[in-house]
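When you line the sequence shown up against numbering that gives the first Met the number 0, it's residues 0 to 282, in that order.
Just so you know, the hints here were simulated from the structure itself, not pulled from any lab data.
You may find that some hints are simply not true.
[Said to hold, decoys possible] Estimated spans, in silico, between C-beta atoms of each pair:
no.	residue 1	residue 2	range
1	E164	A17	43 to 51 Å
2	G230	G195	18 to 26 Å
3	I23	K185	53 to 61 Å
Backbone N, C-alpha and C fix where the C-beta goes; we use that ideal spot for every residue, glycine too.
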Amino acid sequence: MAKKDEEKEESKTGSFIALVIWLIAAVALFVLFVINQKKIVSNLKSTGFFGRLFGKTPAFVENAEVTVQEQAGKNDVDPGVGAEIDLSAGQGKSDYSYESGILSENQAAKDAQGNSEQTAALNSKPESGNSTGEQKPQANEVPKMIDLKLFFMVINSDGSVSRREVTRSMKKSGGPLVDAINALIKGPSEEEEGKGCATLVSSGTRLLGASVKNGIATLNFSGEFEFNQWGIEGLRGQLQQIVYTATAFPTVESVQFLVDGVQKDYLGSEGVWIGTPLNRNSF
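Put together the whole structure using the sequences plus the hints.
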């Protein structure tokens, strides 16, 4: 009888200790949640956690302010994209508006032609005191260059994949964001390849359109973007490359992906979430 009572007493003591441990753990988790509440809710919003599992996002998450991880580096220029820019061929919408602070290739060519004609006309005029009308040689103009942050991937010896930031000097244009994304699609330079850099963006991918509004860069890619020869890791890698490269611009906080102009919940048959804008916290 005494042995049974002793066993009961030990059982109660054990249950009490377990309850205390559970309460301590619960309190610790609650404290951590309170301290990191903004970050946790931000991550839930940026990853679309509730939308993916339950099809609906609670109001407190939907209305939360997204906080972005500290940037690895920022460009010194704006993305140069305002209103939506259609880059697809043959649609007659590739003119970048002056309101967006961008010139289209067509408009830039027209301006360049006009400037060339104006320069030729000026050069054809004789200089003061030169009755022969002999033209004075003009020095070749050196194109202005800017440094842009690009993010490639590195395949490590153990087979794992990691991100690598590089700074590439590129000709200055009206659309640095478009130039940076197209550079990712084209892939690393010989020098960057020598450092182990590679691009995981699906082969054949084209950037069809771009816009930036309220901190969100909306990038429209061709259908090739949806299928990656390296599978799910390739899909995740290409998304990470583009998000990090786009958010290196000071006015871009996240990226909304479109495929052939359509906003989809998942990318490819592997099912990588792109239903909401992705930021650096998404990886």
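task = For E164 and A17, compare the CB-CB distance with the range 43 to 51 Å and indicate the outcome.
result = Holds - the Cβ-Cβ distance for E164 and A17, about 48 Å, lies within 43 to 51 Å.
query = Is the hinted range of 53 to 61 Å satisfied by the C-beta distance from I23 to K185?
reply = Distance hint for I23, K185 holds at roughly 55 Å.
inquiry  = Between the beta carbons of G230 and G195, is the distance compatible with 18 to 26 Å?
reply    = holds (21 Å)
Violated hints for the displayed structure: none, as all numbered hints are satisfied.
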